[in-house]
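Residue numbers (the numbering used here), protein chains in the order written: chain A, 1 to 84; chain B, 1 to 269.
Since the hints were derived computationally from the structure, they do not count as laboratory data.
Misleading hints may appear alongside valid ones.
[Claimed, not checked] List of simulated lysine-lysine pairs, DSS-like, C-alpha gap at most 25 Å:
{"hint": "1", "chain 1": "A", "residue 1": "K52", "chain 2": "A", "residue 2": "K62"}
{"hint": "2", "chain 1": "A", "residue 1": "K19", "chain 2": "B", "residue 2": "K185"}
{"hint": "3", "chain 1": "A", "residue 1": "K17", "chain 2": "B", "residue 2": "K185"}
{"hint": "4", "chain 1": "B", "residue 1": "K3", "chain 2": "B", "residue 2": "K185"}
{"hint": "5", "chain 1": "A", "residue 1": "K19", "chain 2": "B", "residue 2": "K127"}
{"hint": "6", "chain 1": "B", "residue 1": "K78", "chain 2": "B", "residue 2": "K100"}
{"hint": "7", "chain 1": "A", "residue 1": "K17", "chain 2": "B", "residue 2": "K3"}
{"hint": "8", "chain 1": "B", "residue 1": "K100", "chain 2": "B", "residue 2": "K30"}
[Stated by the list, open to error] If the Cβ cut is set under 8 Å, some of the chain B residues that face chain A in the computed set are:
{"hint": "9", "residue": "V147"}
{"hint": "10", "residue": "V150"}
{"hint": "11", "residue": "D154"}
{"hint": "12", "residue": "G158"}
{"hint": "13", "residue": "E191"}
{"hint": "14", "residue": "M192"}
{"hint": "15", "residue": "S194"}
{"hint": "16", "residue": "V195"}
{"hint": "17", "residue": "D197"}
{"hint": "18", "residue": "A203"}
{"hint": "19", "residue": "I204"}
{"hint": "20", "residue": "R244"}
Small disclaimer: the values here were computed from a predicted structure and weren't measured.
Beta carbons: idealized from backbone N, C-alpha and C, even for Gly.
Okay, here's what each chain looks like letter by letter:
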Amino acid sequence: MGLFDLFRQNKKSSANKAKERLQILIAHERVNRNGPDYLPQLRYDIMKVIQKYIPIDEDQVKVQVENGHGYDVLELNITLPEEK
Amino acid sequence: MSKVIVITSGKGGVGKTTTSAAFATGLASKGYKTVVIDFDVGLRNLDLIMGVERRVVYDFVNVINGEAGLRQSLIKDKRVDNLYVLPASQTRDKDALSMKGVESVINELKQDGFDYIVCDSPAGIEKGAFMALYFADEAIVVTNPEVSSVRDSDRILGILQSKSRKAEEGGSIKEHLLITRYSPKRVEDGEMLSVEDILDILAIPLLGVIPESESVLQASNQGNPVILETKSTAGQAYEDIVDRFLGETVEHRFLDVEKQGFLKRLFGK
Numbered sequence: 001m002g003l004f005d006l007f008r009q010n011k012k013s014s015a016n017k018a019k020e021r022l023q024i025l026i027a028h029e030r031v032n033r034n035g036p037d038y039l040p041q042l043r044y045d046i047m048k049v050i051q052k053y054i055p056i057d058e059d060q061v062k063v064q065v066e067n068g069h070g071y072d073v074l075e076l077n078i079t080l081p082e083e084k
Numbered sequence: 001m002s003k004v005i006v007i008t009s010g011k012g013g014v015g016k017t018t019t020s021a022a023f024a025t026g027l028a029s030k031g032y033k034t035v036v037i038d039f040d041v042g043l044r045n046l047d048l049i050m051g052v053e054r055r056v057v058y059d060f061v062n063v064i065n066g067e068a069g070l071r072q073s074l075i076k077d078k079r080v081d082n083l084y085v086l087p088a089s090q091t092r093d094k095d096a097l098s099m100k101g102v103e104s105v106i107n108e109l110k111q112d113g114f115d116y117i118v119c120d121s122p123a124g125i126e127k128g129a130f131m132a133l134y135f136a137d138e139a140i141v142v143t144n145p146e147v148s149s150v151r152d153s154d155r156i157l158g159i160l161q162s163k164s165r166k167a168e169e170g171g172s173i174k175e176h177l178l179i180t181r182y183s184p185k186r187v188e189d190g191e192m193l194s195v196e197d198i199l200d201i202l203a204i205p206l207l208g209v210i211p212e213s214e215s216v217l218q219a220s221n222q223g224n225p226v227i228l229e230t231k232s233t234a235g236q237a238y239e240d241i242v243d244r245f246l247g248e249t250v251e252h253r254f255l256d257v258e259k260q261g262f263l264k265r266l267f268g269k
């Protein structure tokens, strides 16, 4: 990276950073937007139950509601750690 | 046919009331019978921005409760014909606005021949904000080029798309994006989200951009809707927005850094 590139990137950085952060955050929030209000609590409770048996991190539990025609699907996606 | 337009944002302090006052004044100046309603119960401020604070006798909640008639509660603007203000109540009762009450006031305004009913929403996503948007046909989402404002705007868009009456009936509210306090210089320097950045994220049609301008504060100091400051960039940008809203094609202005002339550069402002 040349000296000029470094300069240019620096100059652009804070607005770009804002955009990147917003894009990630808003994409995430839109997924949960149409879900029921109890979803965060449900996710938390499920995580607690699993943690009783297996040590997992918070971000390894994904709970999502998908709206179909005439039915909703509750999708659980839990990534288990590799056994040692 | 009357139209109900909500001015909303989620976040506070981004320019909802400034926009409501300017937009309603602009519509009325074009000859449309227009009323602007303050939905911020408990924190009335539209009256102050419109410069009618000393003429408030009755308010929105008085009308809903049947303590005053609609006509005696509307404040007629002295500068622009066809322009009326319905102030919010200063009561601390959060339930003062009932869904039925709001609906009946809006229906009465429609019957009285108002072309445009502009609803100035309070900040937040609580009852007042919900009431302001529920009956809307169109929404102007006011956003500052700043992360928390953009995020809250997205939140409000979600509510418009799921909780409004239009949405409940299977239709949709027509959405417009209004970016306020825009500083082309800071965008050029990479310090501020650009119009394109915000459009990429929110993905709704752009109604206009209001540049950061000293005249907004000066106008509010005097109780003058900023659109009446015809020499200021903000006032002109609001005029463009009204024209665009009414279907005219108007090019966006004040998006780029003003090239300073030689003399201006030499002697400053």
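Against the structure, the hints:
Between the alpha carbons of A/K52 and A/K62 the distance comes to roughly 17 Å, so the proposed pair stays at or under 25 Å and holds. A hinted pair counts as satisfied when its Cα atoms are at most 25 Å apart, and A/K19 with B/K185 qualifies at roughly 18 Å. This hinted pair checks out: A/K17 and B/K185 have alpha carbons roughly 18 Å apart, not beyond 25 Å. As the CA atoms of B/K3 and B/K185 are separated by approximately 37 Å, the hinted pair breaks the 25 Å bound.
A hinted pair counts as satisfied when its Cα atoms are at most 25 Å apart, and A/K19 with B/K127 does not qualify at roughly 30 Å. Straight-line distance between C-alpha atoms of B/K78 and B/K100 comes to about 31 Å, which puts the hinted pair past the 25 Å bound. With a C-alpha separation of about 39 Å, the suggested pairing of A/K17 with B/K3 is violated against the 25 Å cut-off. Taken as a hint, the B/K100 and B/K30 pair is broken in the structure, with Cα atoms around 31 Å apart against an allowance of 25 Å.
Using the Cβ-Cβ criterion of 8 Å, the hint placing B/V147 at the interface with chain A is satisfied: the shortest such distance is roughly 5 Å. Hint status for B/V150: holds, given a least beta-carbon distance of 6 Å to chain A, under 8 Å. Of the supplied interface hints, the one on B/D154 holds, with its beta-carbon coming within about 5 Å of a beta-carbon of chain A, less than 8 Å. At a threshold of 8 Å, the smallest CB-CB gap from B/G158 to chain A is about 5 Å, leaving the interface hint in force.
The interface hint given for B/E191 is met, as the beta carbon of that residue sits about 6 Å from the closest beta carbon of chain A, less than 8 Å. For B/M192, the suggested interface contact is upheld, since its CB lies about 6 Å from the closest CB of chain A, less than 8 Å. Annotation: interface hint on B/S194 holds; nearest CB of chain A at approximately 7 Å, less than 8 Å. The restraint placing B/V195 at the interface with chain A is violated, with a minimum CB-CB distance near 12 Å, outside the 8 Å limit.
Annotation: B/D197 was flagged as interfacial toward chain A, and the flag holds, the nearest CB pair being 5 Å apart, inside 8 Å. Given hint, B/A203 at the interface with chain A, is violated; its Cβ is 10 Å from that chain's nearest Cβ, farther than 8 Å. Hint status for B/I204: violated, given a least beta-carbon distance of 13 Å to chain A, over 8 Å. The beta carbon of B/R244 comes no nearer than 25 Å to any beta carbon in chain A, farther than 8 Å, and the hint placing it at the interface is violated.
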